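S.K.: Those protein sequences? They're chains A and B, same order as listed. Sequential numbering from 1 applies to the first sequence in this note's numbering. Sequential numbering from 1 applies to the second sequence in this note's numbering.
Since the hints were derived computationally from the structure, they do not count as laboratory data. Quantities reported herein were computed from a predicted structural model and do not represent experimental measurements. It cannot be assumed that every hint is accurate.
Mimicking SDA-like on lysine to any residue, the simulated pairs with C-alpha atoms at most 25 Å apart in a straight line are [what the hints assert, rightly or not]:
id: 1; chain 1: A; residue 1: Lys150; chain 2: A; residue 2: Ser139
id: 2; chain 1: B; residue 1: Lys48; chain 2: A; residue 2: Tyr158
id: 3; chain 1: A; residue 1: Lys169; chain 2: B; residue 2: Met60
id: 4; chain 1: A; residue 1: Lys176; chain 2: B; residue 2: Pro43
id: 5; chain 1: A; residue 1: Lys83; chain 2: A; residue 2: Val210
id: 6; chain 1: A; residue 1: Lys83; chain 2: A; residue 2: Tyr158
id: 7; chain 1: A; residue 1: Lys27; chain 2: B; residue 2: Asn78
id: 8; chain 1: A; residue 1: Lys176; chain 2: B; residue 2: Val70
id: 9; chain 1: B; residue 1: Lys48; chain 2: A; residue 2: Pro117
id: 10; chain 1: B; residue 1: Lys48; chain 2: A; residue 2: Gly81
Listed below, chain by chain, are the residues.
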Amino acid sequence: MVPLPFSLPFAALEVGQHLYWQLGGLKIHGQVFLSSWLVIGALLALVVAGTRKLERDPSGAQNLLEFLWEYLRDIAREYIGEKAYRDWLPFIGTLFLFIFVSNWGGALVPWKLIHLPSGELGAPTADINTTIALALLVSLAYFYAGLSRKGFRYFEYYVEPTPIMLPFKIVEDFTKPLSLSFRLFGNILADELVVAVLAFLVPLIVPLPVMFLGLFTSAIQALIFATLAAYYIGEAVHEEAH
Amino acid sequence: MDSITSAASVVAAGLAVGLGSIGPGIGQGTASGGAVEGIARQPEAEGKIRGTLLLSLAFMESLTIYGLVVALVLLFANPFAG
Chain A
1 MVPLPFSLPF AALEVGQHLY WQLGGLKIHG QVFLSSWLVI GALLALVVAG TRKLERDPSG
61 AQNLLEFLWE YLRDIAREYI GEKAYRDWLP FIGTLFLFIF VSNWGGALVP WKLIHLPSGE
121 LGAPTADINT TIALALLVSL AYFYAGLSRK GFRYFEYYVE PTPIMLPFKI VEDFTKPLSL
181 SFRLFGNILA DELVVAVLAF LVPLIVPLPV MFLGLFTSAI QALIFATLAA YYIGEAVHEE
241 AH
Chain B
1 MDSITSAASV VAAGLAVGLG SIGPGIGQGT ASGGAVEGIA RQPEAEGKIR GTLLLSLAFM
61 ESLTIYGLVV ALVLLFANPF AG
């Protein structure tokens, strides 16, 4: 648990330093809560502003929201299937928007201007606890989707096409949330570290292309997370054509 | 942390990322080559191929990221620091 041996003008990069809040017997990372509340607030504000005066010819925020809705609907429909996608579109959409706004917010907002006693505000997804929570939600969601749609016939999926697959499918239930959470966490933290190291070596201009690359990969990671969640749910509700 | 532990951790972190990126690098090259071939053969399928390619590249990239996570744990949250 060492801070990196340098500091930057607009973002201190401290791996493993947190603003601890004591909640009962739990120590929680306050900076993650603060920044995720900011992200949730920004999303809510956008949605409320975009849906207050609905018009037939959408413009401004309503136009953006309709574009996002269609984009997310296409993802959900492609991976979950025509029958079940309506139930899961809100979940997939929430995951995508939260992760996307978190990733971009962590990179674009100069968080250092808000001073905290310890730790630093940043992308909530750069904390492993956030990503593990999201990944476990996805696990719960696909179990619930499978069980509610097929009942106990859902477990037939574990022995298809042959019972030899059983151990692999059980292990897969554990590796799915593991890989989902590590992928998101590692990518976001790696982006921040690369930008920080480059900005430490050359403070001006040179980090810019890497920051744009970081924006690109973090947008892709949000898409990947939502797509994989949709894929896992789709796999659980998929009906075999017997 | 005594000096031999920190030295070993730094070497191991370097090896974790370095070795971990060999396989995914080869895999991503193969996948992109296949995608380019597919687009050249059938340019109208470009959109679909690009989507699938990005998704599979991110899958391969996550293997490197696992190595990176191990490296980060060794550097910043070393369980053997004692």
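S.K.: Next step is simple, just say for each hint if it's right about the structure.
M.R.: Status of the hints after comparison with the structure:
1. A:Lys150 / A:Ser139: Roughly 17 Å between the alpha carbons, so the hint for Lys150 (chain A) and Ser139 (chain A) holds.
2. B:Lys48 / A:Tyr158: Distance ~30 Å between Lys48 (chain B) and Tyr158 (chain A) Cα, so the pair is violated.
3. A:Lys169 / B:Met60: holds, 20 Å
4. A:Lys176 / B:Pro43: violated, 34 Å
5. A:Lys83 / A:Val210: violated, 42 Å
6. A:Lys83 / A:Tyr158: Measuring from Cα to Cα gives roughly 22 Å; hence the hint holds.
7. A:Lys27 / B:Asn78: holds, 20 Å
8. A:Lys176 / B:Val70: Holds, at about 18 Å.
9. B:Lys48 / A:Pro117: violated, 49 Å
10. B:Lys48 / A:Gly81: It holds: about 17 Å lies between the C-alpha atoms, which stays within 25 Å.
Checked against the numbered hints above, the structure breaks hints 2, 4, 5 and 9 and satisfies the rest.
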